[in-house]
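> Model the full assembly from the supplied sequences, consistent with the hints where possible.
There are 2 protein chains.
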Amino acid sequence: MGTAVSWPLTDNGYAVNLIGTHLDDAIIDSCKKDRFHPRLKRTIPNAVTPYHYNELGQGLQDAAFIVSGVNSNGVRWIGSALAPFVHKGARIIAVTKGLEAKADGMLVILPDVMRAQFPEQVRDAVSLAAIGGPCIAGELAGQRQSCVYFGSRELSTAKELREYFRTDYYHVWTTNDMRSLEIAVALKNAYALGVGIAAGMLQAAGGVDASGAYMHNLAAALFARGCREMHTLLLSQDADPEFAYSLPGAGDMYVTATGGRSVTLGRLIGTGMSYERALAEMTGETLEAAMVIQQMGKALPAMVSKGIVQKKDLPFMHFLVDLVVHQKPIDLRLDDFFQDVISE
Amino acid sequence: MGTAVSWPLTDNGYAVNLIGTHLDDAIIDSCKKDRFHPRLKRTIPNAVTPYHYNELGQGLQDAAFIVSGVNSNGVRWIGSALAPFVHKGARIIAVTKGLEAKADGMLVILPDVMRAQFPEQVRDAVSLAAIGGPCIAGELAGQRQSCVYFGSRELSTAKELREYFRTDYYHVWTTNDMRSLEIAVALKNAYALGVGIAAGMLQAAGGVDASGAYMHNLAAALFARGCREMHTLLLSQDADPEFAYSLPGAGDMYVTATGGRSVTLGRLIGTGMSYERALAEMTGETLEAAMVIQQMGKALPAMVSKGIVQKKDLPFMHFLVDLVVHQKPIDLRLDDFFQDVISE
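As you go down the protein sequences, you meet chains P and V in turn.
Quick note: the first sequence, position 200, residue 1094 per our numbering, numbers continuous.
Quick note: the second sequence, position 231, residue 1125 per our numbering, numbers continuous.
Don't read these hints as lab results, they were simulated from the structure.
Please note: incorrect hints may appear among the correct ones.
Copies of one chain are not kept apart here, so a pair can be met inside one copy or by any two copies together.
No more than 25 angstroms apart at the CA atoms, straight line, and that leaves these computed lysine to any residue pairs for SDA-like [to be verified]:
no.: 1; residue 1: Lys926; residue 2: Ala1104
no.: 2; residue 1: Lys1192; residue 2: Val1007
no.: 3; residue 1: Lys1206; residue 2: Pro1135
no.: 4; residue 1: Lys1053; residue 2: Pro1209
no.: 5; residue 1: Lys1205; residue 2: Glu1136
no.: 6; residue 1: Lys1053; residue 2: Arg1227
no.: 7; residue 1: Lys926; residue 2: Asp1229
no.: 8; residue 1: Lys1206; residue 2: Asp1134
no.: 9; residue 1: Lys996; residue 2: His1220
no.: 10; residue 1: Lys1206; residue 2: Glu1136
no.: 11; residue 1: Lys982; residue 2: Asp956
no.: 12; residue 1: Lys1222; residue 2: Glu1136
no.: 13; residue 1: Lys927; residue 2: Met1167
no.: 14; residue 1: Lys1206; residue 2: Phe979
Being a predicted model, the structure only gives us computed values, none of them experimental.
Structure (structure tokens):
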């Protein structure tokens, strides 16, 4: 995604410096050699200049803003790496999806984790922003229609940054509620993994039957439950629950469930494989979904004991924690997943 | 679906009389001959007795309740057909999805359309129920995990009926808010057609590109927009907006967008085909989604002029009405689809 945003930026006439981490040398080598990005399988735009990590200082020179595209394991690292270069008024867009849990059950968004790595004297004078919404990087790079939110605690930052990016295919709305945006976008990965379990259960049951029956009904019920629980979790975090049902929640979960790593991991677990074995099958992949579930495994007991959620209100997340953290076998108690609805 | 519910019913030990309409003679012939249901591609359970339409009276004898599985064109017809047989205390479950619009912009659910056909002296003494939630009939017949709501204005009716159906694979919750349930379930077909347009636009753009880019980002944005607009429309109808985000709304739209007729029609229109031509391609198919959009085409001007919705709050439904009712070419103004979110 860090590279994919080069397309709208260069289409708008801006120059982009693309800096790999120390893990991206092969990608940057390829970009330098013949301008081909092997992950996106595309020739990068002319106005993109690739840099190796050891050229970081040069690549950052005179940048109007920085886009950080590391994975969620790399957030502290990129904070430290950028620390010597950030100055008061610097603007950083974090596209990493994830969250961390505090001991009291409150969730911390990754831009704030990154910020904590910056020198104290500039820390609060750096403007952070985040992007959320259904946007597969390869499609953005292919200039396909995509709709996202830019969030920043200062609305002006989100609005200024949006002007660099918006094109007739990249549609950007803004919010000053970056925390709600980021929590929704992180949770959707966890629940998309959960939706993927249906495909694995289908496989374990022998696949599509002779009459053509899949397990889409189950996947859809899990999807709906994911929407409800994102709403509940956002509320518990004093965040705006509406993000559960818009581009960052339902929309982003929809596109993630259509493909992607989270749903593949879910499918493997759904076949009956333990989380550890499923993880081993996916060596080299970044599994943001699993990391979010692990953090929720820390947060949930504290959230329940503080009374900001009730265990019965989050059966799906507890199920996911049982699978991923406690490596229990699949025990999907669907009867607990919804409730009768009585109106007065 | 009328046939598919035989599986949970017979698994619970009940006998089912399966009565075809005059259009279903070939299906019933097949069921009588070798118990094979050609549409579901399955052998029907032993406890199902198939009846032709001319055996209606015999088939209805001593029925504890009736399940009506006609399509939305057939709702008045089935009401008239059942009229001689309904009595005070009769219970009818309507699985048809659709709605009708009144001149004042208020939406009428199909169970009430059916009820109006019954003799006046029993009309109000018949208990009607409806089923909503993500449930592909072929999967229910395959005893796949499925989660639905049973709705009836009398909660006791929904609860009594549920007891006949619930099994370890058919999970049923109840609501006394049948109208909200039915509106959500009807609207989801319309919006699923809209989600399908992305696949057609992809086809028109030459398909998946050389780097593997689909148009899933667009489909997901449309999906998210559909969720929002179901919420807005439910509110406008004094209905419970939460149904937009649960099994009947988001969940049912998810499973419909995964396959099914609505999304196929959307795909055809998305390629640039007029609605009429797309319809011609799908001869013989029941297109509940198009019928809902046509009804919304009647309702929207009245709703807007009454001030219960604003045109700008329903850009996606207006777009769908333009395509299906006014047969305009595709003009997807995504910039109108979402708004900045400012929290205090």
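> Now tell me, hint by hint, if it's right for this structure.
Consistency of the hints with the structure:
1. Lys926 x Ala1104: The answer is between: 21 angstroms across copies meets 25 angstroms, while 52 angstroms in one copy does not.
2. Lys1192 x Val1007: within (17 angstroms within a copy, 52 angstroms between copies)
3. Lys1206 x Pro1135: both (18 angstroms within a copy, 22 angstroms between copies)
4. Lys1053 x Pro1209: Answer is between: at 23 angstroms across copies they meet the 25 angstroms cutoff, but 38 angstroms inside does not.
5. Lys1205 x Glu1136: both (21 angstroms within a copy, 21 angstroms between copies)
6. Lys1053 x Arg1227: between (45 angstroms within a copy, 20 angstroms between copies)
7. Lys926 x Asp1229: So lysine 926 and aspartate 1229 fail the 25 angstroms test inside a copy (56 angstroms) and across (36 angstroms) alike.
8. Lys1206 x Asp1134: both (21 angstroms within a copy, 23 angstroms between copies)
9. Lys996 x His1220: within (19 angstroms within a copy, 55 angstroms between copies)
10. Lys1206 x Glu1136: Result: close both inside a copy and across copies, 21 angstroms intra and 19 angstroms inter.
11. Lys982 x Asp956: Result: close within a single copy only, 14 angstroms intra versus 81 angstroms inter.
12. Lys1222 x Glu1136: neither (32 angstroms within a copy, 33 angstroms between copies)
13. Lys927 x Met1167: neither (41 angstroms within a copy, 44 angstroms between copies)
14. Lys1206 x Phe979: Classified as neither; 47 angstroms inside a copy, 44 angstroms across copies.
When the structure is compared with the earlier hints, violations turn up for hints 7, 12, 13 and 14 and for no others.
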